[in-house]
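*Asks:* Quick note on this note's numbering: the sequence shown kicks off at 1 and runs consecutively.
Treat the hints loosely; a few may be bogus.
Unchecked claim - Straight-line alpha carbon distances no greater than 20 Å define the calculated PhoX-like cross-link-like pairs of lysine-lysine that follow: (1) Lys276 x Lys199; (2) Lys151 x Lys133; (3) Lys151 x Lys253; (4) Lys133 x Lys276; (5) Lys199 x Lys62; (6) Lys252 x Lys276; (7) Lys111 x Lys33; (8) Lys199 x Lys64; (9) Lys33 x Lys44; (10) Lys64 x Lys44; (11) Lys252 x Lys199; (12) Lys253 x Lys199; (13) Lys276 x Lys253; (14) Lys199 x Lys59; (15) Lys151 x Lys134; (16) Lys276 x Lys134; (17) Lys151 x Lys276.
Claimed, not checked - Just the calculated beta-carbon pair ranges, DEER-fashion: (18) Leu178 x Val40: 17 to 27 Å; (19) Glu245 x Leu216: 23 to 33 Å; (20) Arg91 x Leu318: 21 to 31 Å; (21) Met310 x Thr93: 22 to 32 Å; (22) Val122 x Arg91: 44 to 54 Å; (23) Leu60 x Leu235: 48 to 58 Å.
Hints in this document: simulated from the structure, not taken from any laboratory. Even glycine gets a Cβ: it sits at the ideal position worked out from N, Cα and C.
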Amino acid sequence: MKADALLNLFFVLESMAILLLALVFDLAFGEPKEKIHPTVWMGKTIEFLEPRLRGGSPKLEKMKGILLGLTVIIIFALTFYFLLHLVREFRFTILYIIFASLVLKTTLSIKCMAQLSRPIGVALEEGRLEDAKKMLRRIVRRDPANFDEQKIVSATVECVAESTVDGITSPLFYYSILGAPLAIAYRAINTLDSTVGYKDREHANIGWFSARMDSLANYIPARITAILIVLSAYLFHEDWRRSWEILKRDRKKTESPNAGWIMSAMAGAFNAQLEKPGFYILGDPINPLSPGQIPRAIRIMNLTTFLFTMIVVLPIVLLMGVVLP
Numbered sequence: 001m002k003a004d005a006l007l008n009l010f011f012v013l014e015s016m017a018i019l020l021l022a023l024v025f026d027l028a029f030g031e032p033k034e035k036i037h038p039t040v041w042m043g044k045t046i047e048f049l050e051p052r053l054r055g056g057s058p059k060l061e062k063m064k065g066i067l068l069g070l071t072v073i074i075i076f077a078l079t080f081y082f083l084l085h086l087v088r089e090f091r092f093t094i095l096y097i098i099f100a101s102l103v104l105k106t107t108l109s110i111k112c113m114a115q116l117s118r119p120i121g122v123a124l125e126e127g128r129l130e131d132a133k134k135m136l137r138r139i140v141r142r143d144p145a146n147f148d149e150q151k152i153v154s155a156t157v158e159c160v161a162e163s164t165v166d167g168i169t170s171p172l173f174y175y176s177i178l179g180a181p182l183a184i185a186y187r188a189i190n191t192l193d194s195t196v197g198y199k200d201r202e203h204a205n206i207g208w209f210s211a212r213m214d215s216l217a218n219y220i221p222a223r224i225t226a227i228l229i230v231l232s233a234y235l236f237h238e239d240w241r242r243s244w245e246i247l248k249r250d251r252k253k254t255e256s257p258n259a260g261w262i263m264s265a266m267a268g269a270f271n272a273q274l275e276k277p278g279f280y281i282l283g284d285p286i287n288p289l290s291p292g293q294i295p296r297a298i299r300i301m302n303l304t305t306f307l308f309t310m311i312v313v314l315p316i317v318l319l320m321g322v323v324l325p
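Based on the provided sequences and hints, a complete structural model is requested.
*Replies:* Structure representation (structure tokens):
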């Protein structure tokens, strides 16, 4: 019994050390170079496989979409599982913790999101509308050519809100359950969705499985994150009551079953309206959108990350320390 308790304690301490180090690496260094970034490898793998699997009847192409999704997820999850297992075999705990934290870090994009979105607000404050549009193209799919300042701010805040789940809380959630390999599996799912998970004619069949998997994978983290955004709004003296009201009212207005939760909570916190023209309108235009709301959204993202880690991730790690070893 004493040996089991020691194993449980070691597992928990090791998992916490990996988590803490991964967060430190992300906040300190941001994204690794593209040539060594697993997400870039995932994208290249998808781009290689997709044209070779495309074609046939709609039903056949959907089956090929399942094959595409499972192949990419399994390749990367198993590759990193065996790499981590190999490093652990060296019996150097510190080396394993460092390597595992670097793997987990590649699934996170806390600093990256701030680096990409904050300059958009600065450009708008300085009246450089065209520069803001160019920077916005790096983080959203929509064409901002005809956007005014408010639409640029809206798209940026929406992206920060969505990325809080895609780039932070979801990978942390899956790490807490089964470690870095499951976080990598989630990153593969998310990359599949952002590459082929569209509903246009070209991707409707080959990408349907990837889109469904992404919606399923984000289902629980998105809802927890939305509630923590409301709590963050309260702690930062934003309008948390309105955040909760708009979350309840507008969460189902987006095509995505998850995005509406996070974005509506953020819209309510600012007493503002977030809009993707022709698709959805979240919140009420009580306050006009302004560039200053971009750093406020980043601040909420950072606090939500901290709360999610403390309230969700660490308790699951403690639970898994009892269940797994």
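*Asks:* Each hint needs a verdict: does it hold in this structure or not?
*Replies:* Against the structure, the hints come out as follows:
Proximity of lysine 276 to lysine 199 is assessed by CA-CA distance (about 17 Å); at most 20 Å being required, the pair is judged to hold. Simply put, lysine 151 and lysine 133 have alpha-carbon atoms about 10 Å apart, close enough for the 20 Å limit, and the pair holds. As the CA atoms of lysine 151 and lysine 253 are separated by approximately 18 Å, the hinted pair is consistent with the 20 Å bound. Under the criterion of a C-alpha separation no larger than 20 Å, the hint pairing lysine 133 with lysine 276 is consistent with the structure, at around 15 Å.
About 13 Å separates the Cα atoms of lysine 199 and lysine 62, which keeps this hinted pair within 20 Å; it holds. At most 20 Å may separate the alpha-carbon atoms for a hinted pair to count; lysine 252 and lysine 276 meet this at roughly 14 Å. Of the supplied pair hints, the one linking lysine 111 and lysine 33 holds, its CA atoms being roughly 14 Å apart against a limit of 20 Å. Between lysine 199 and lysine 64 the alpha-carbon distance is near 16 Å, which keeps this suggested pair within the 20 Å criterion.
Only pairs whose Cα atoms come within 20 Å are accepted, and lysine 33 paired with lysine 44 is accepted, the gap being roughly 15 Å. Of the supplied pair hints, the one linking lysine 64 and lysine 44 holds, its CA atoms being roughly 18 Å apart against a limit of 20 Å. Taking the CA atoms of lysine 252 and lysine 199, the gap is near 18 Å; set against the 20 Å cutoff, the hint holds. Restraint check for lysine 253 and lysine 199: satisfied, since their Cα atoms lie roughly 17 Å apart, inside the 20 Å limit.
Proposed proximity of lysine 276 and lysine 253 is supported: the alpha carbons are some 11 Å apart, at most 20 Å. For the hint linking lysine 199 to lysine 59, the alpha-carbon distance of about 15 Å falls within 20 Å, and the restraint holds. Taking the CA atoms of lysine 151 and lysine 134, the gap is near 14 Å; set against the 20 Å cutoff, the hint holds. With a CA separation close to 18 Å, the supplied pair lysine 276 and lysine 134 stays within the 20 Å bound.
Among the hinted pairs, lysine 151 with lysine 276 is consistent with the structure: their alpha-carbon atoms are about 8 Å apart, no more than 20 Å. Distance hint check: the CB atoms of leucine 178 and valine 40 are about 24 Å apart, consistent with the given range 17 to 27 Å. Separated by about 28 Å at the C-beta atoms, glutamate 245 and leucine 216 satisfy the suggested range of 23 to 33 Å. Checked against the hint of 21 to 31 Å, the C-beta distance between arginine 91 and leucine 318 comes to roughly 25 Å, which is consistent with it.
The hint said 22 to 32 Å for the Cβ distance between methionine 310 and threonine 93, and at roughly 25 Å that hint holds. Distance hint check for valine 122 and arginine 91: the Cβ-Cβ separation is about 49 Å, which falls inside the suggested range of 44 to 54 Å. Between leucine 60 and leucine 235 the Cβ separation comes to about 52 Å, which falls inside the hinted range of 48 to 58 Å.
Hint compliance for this structure: no hint is broken.
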